[in-house]
Amino acid sequence: MAKETILSVKDLEIEFNLRGKTLQPIRKISLDLYKGETLAIAGESGSGKSVFTKSFIGMLDSNGTIKGGEIIFEGKDLTKFKKEKEWLQIRGKKIAMVFQDPMTSLNPLKRIGEQIREVIIEHKVVPKEQAKQRVIQLLSEVGIPDAESRYSDFPHQFSGGMRQRVVIAIAVACQPDILICDEPTTALDVTIQSQIIELVKKIQKELKITVIYITHDLGVVAEVADRVAIMYAGQIVEIGTAEEVFFDPRHPYTWALLSSLPQFGEKGGELFAIEGVPPNLFKKIVGDAFAPRNRYALEVDFLAEPPYFPVSETHKAKTWLLDPRAPKISPPDVIRRIKERDYWQSDGGAV
Amino acid sequence: MSRIEREPILKVEDISVYFKNGKKTVHAVNHVSFDIFKGETFSLVGESGSGKTTIGRAIVRLNQIQTGRIIFQNEVISGKISRTLHSKVVRKVQMIFQDPMASLNERAKVNYIISEGLINSREYKNQQELDDRVHHALLDVGLLPEFASRFPHEFSGGQRQRIGIARALIMKPDFIVADEPISALDVSIRAQVLNLLNKFKRERGLSYLFIAHDLSVVRFISDRIAVIYAGKIVELADAERLFQKPLHPYTKNLLSAAPVPDPRLAKSKVVTIYDPTQHDYSKEKPTFSEIEPGHFVYGNVAELEKYSKEL
Ligand SMILES: Nc1ncnc2c1ncn2[C@@H]1O[C@H](COP(=O)(O)OP(=O)(O)OP(=O)(O)O)[C@@H](O)[C@H]1O
Ligand SMILES: [Mg+2]
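Protein sequence lines correspond, in order, to chains A and B. Numbered continuously in the numbering used here, the first sequence closes out at residue 583. Numbered continuously in the numbering used here, the second sequence closes out at residue 389.
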C-alpha cells in the first residue's frame, strides 16, 4: 500500500517573543502526515505539541513567528501565508481543530444548532434551505440524542462530554481533510473519554479523514494511533507505528515515559520517575535536549545534537544510542515486559 | 493488605450531604458508609459529580452532613464538636488538592505557605522551630530548603504539588484526603508524587483517602477501592479483587472504559454499557452486602444472587 502524503512539514522552526526575550518552542521538526492515518502526538507539557499543530491552521499566538522551514499542503507552503483571507481557505474548511476545553470553541450565548448552521452556511456545505436539516443530521451523527429538540439549547444546557461532541460536529461540518484533536478528552471522565475516542474513530473511518490526536495519555495513544510521534523540547525524538513505539522503543525518553506508567509499576514498589525538568527554551540547547535527565546519556549527547537513526522503514529515533559506535545498551526491564505482556497482573487486565 | 492492622482510623457511617439548588435538593452523597484502616490507602472512584470530593470535604469538616456521623480515632468529628477536638481535626486530617496552582497563595512565599497551618494553630514554640520544620518539610518532599524564600510561580507543576504536600505534612497528620492530587500533572511527574505518597505511608503509617479518576493510578496506589455512582457506593473491594472480579454493572462499565497502554489490546477493547434504569428497586429494596470476604456490592436479593454466581 503506497502511502500518500497529505501534509509535509520540513525543518519547521517557531519562535516566541516574550517581553524582549526569545523562546524557541519548535526546533526544526520534519513530519510527513499520511492520508487517512491517525497520528498521535505525545510528550510532556510544554514540549510543543499545541504550538506545532496550531501552526498548520495559522493560529499561532501573535507573539509567535515561523523562523524557518515549510508546511506543504495541497502544493502550497502555508508558512508563506500573509493574509487571514488565505487562512480562511484552509482553517475549518480543510484542516479543523478540536481543543481540550469545548467552551473555547463555543459561543455561550448562541443556540447550539445555530452555531453549527452558521459554519455550514459560511462554507456553503449545502444549500441554505437544507442547512438546518444537515445540522440535525450532524448532531445525531456525533451521538446527541434527540438532536431535533436539542437544536435550540444553549451550550450550558449540555454536559462537558456533549459539548465536546458538538465541537466535533462543527469541526467535521465542512468535511475537512485533516482533523486535529488537541487533548479533546483530558477534562472528561473515563467513560465519556472512551465514547469520544470511539466517535473520533468512527468519523475518521466514515469520512476517511486524516487525524492528528494530541494527548499525554499513552493509554489513549495506544487506542487511537496508527503511528505515534514522541515530542521532547520542540522536536520529534521518535516516530513509528504504534506497535514499534510501544514494543520496540529506542529513544531513552520514550523508555522513560513508558516506564513511568502506573500500569507497569509493581504495587507497593517505586514507580519509575524522570528526574529533573525539561530544558529552558529561552536558552540555546546544545547536544541532545534530554541528556541532563537521561540516565543512559553518552558524552557525545552533551556536545552534539543526534540525527535520526532509522530503525525500520517506518520507525526512527533521534538518539546517539543508535549510532553503530555507541555502546550496546539494553532498554530497561519494563520495556521488555511490555512486549511480553507479563505486566498483566493475574487476569485483571492491563488497566 | 497483609501487613496492615485492621484497626479503623476513620469510620464514615451512613453520611448524606444535600445541597439546595434553587427549589431542588441535590443528594450529592446519599447514605454512604465505609471504614478506612490505619496505614491504608482507600480510594474513591466514580464520574465527576458523583460525590467523591463532597465526601472528602465532609471528612475535613468543609461540608456539613445531614445524616450519619464521621468517627476519627474513636471520636465523633462531624456536626457540633468541641473547640479542642476541632483543632485536633484541623491538625491531624489534612487535605491535598487537585490544582497545585489554585490551592497555593500566589503572593506568599513558600515558607509562609508551608507553615501557615502551624502558625494558625500556634503549634510551635519559636521562630527557630518554625524555620526548622519548614526546612525538614521541604527536604521530606524532595525540595531544597533554599526554595523557602521563593514564590509558587517559580516552580514546575510537580514541584508545586510537592509544596502542597509539604504544607500538609508539616502538621504531622495521621490522615490525608488527597483529592485528585496528580490529575493536573504530567505522566513523568505523577510518578514522583505517587512515590512520595507511598513513602510517607511506609515510613509514618499515614492513611489516605485517595480520590482520582485515573484507574491505572488508583489500581497502583490503593489497598481498597470504593466505586461511587450518583452519591452512592455501589461496590467496595480490595484493589486487585475489584479489577479481577467487578460485579456491579457500573463498575464493569468504568473498568472496561479505562485506556490500556498496549496497541494490540487497546484496539480490541470492548466497553460495556451501564444503564442505571436496569435496576428495578420498586418491590425489593437494595442493600449494600458483603458478597465474599471484604467485597461489598449494592443490589437487591435477586441481583446479589446473580453476582454471587459470577464469583
Ligand atoms: N504565546 C506564547 N508566548 C510564549 N511562549 C509560549 C506561548 N505559547 C506557548 N509557549 C511556550 O511554548 C512551549 C510549547 O508550548 P505548547 O503549548 O505547544 O506545549 P504542549 O506540548 O502543547 O503542552 P501541554 O501538554 O501542556 O498542552 C512552552 O514552553 C510554552 O510555554
Ligand atoms: Mg497543548
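Treat the hints loosely; a few may be bogus.
Just a few of them, taken from the derived set where beta-carbon distance is under 8 angstroms, the chain A residues facing chain B [as the list claims (entries may be wrong)]:
1. Gln256
2. Glu276
3. Gly290
4. Val357
5. Pro359
6. Ala363
7. Ser426
8. His448
9. Asp449
10. Leu450
11. Glu455
12. Glu475
13. Leu489
14. Gly497
15. Gly519
16. Arg557
Note that these hints are calculated values from the structure, not bench results. Glycine residues also receive a C-beta, built at the ideal position from the N, C-alpha and C atoms.
Cross-check of the supplied hints:
1. Gln256: violated (19 angstroms)
2. Glu276: holds (4 angstroms)
3. Gly290: This interface hint is violated because 28 angstroms lies over the 8 angstroms limit.
4. Val357: Where the cut-off is 8 angstroms and the nearest Cβ of chain B is about 32 angstroms from A/Val357, the hint is violated.
5. Pro359: violated (38 angstroms)
6. Ala363: Because about 33 angstroms separates A/Ala363 from the closest Cβ in chain B, which is outside the 8 angstroms limit, the hint is violated.
7. Ser426: Check passed: Cβ of A/Ser426 comes within 4 angstroms of chain B, closer than 8 angstroms.
8. His448: Check passed: Cβ of A/His448 comes within 6 angstroms of chain B, closer than 8 angstroms.
9. Asp449: holds (6 angstroms)
10. Leu450: Holds. Min distance 5 angstroms.
11. Glu455: holds (4 angstroms)
12. Glu475: holds (5 angstroms)
13. Leu489: Nearest chain B Cβ about 6 angstroms off; hint holds.
14. Gly497: At about 5 angstroms, which falls below the 8 angstroms cut-off, the nearest Cβ of chain B leaves the hint on A/Gly497 intact, so it holds.
15. Gly519: violated (20 angstroms)
16. Arg557: With a minimum Cβ separation of about 29 angstroms from chain B (threshold 8 angstroms), the hint on A/Arg557 is violated.
Hint violations for this structure: numbers 1, 3, 4, 5, 6, 15, 16, all remaining hints satisfied.
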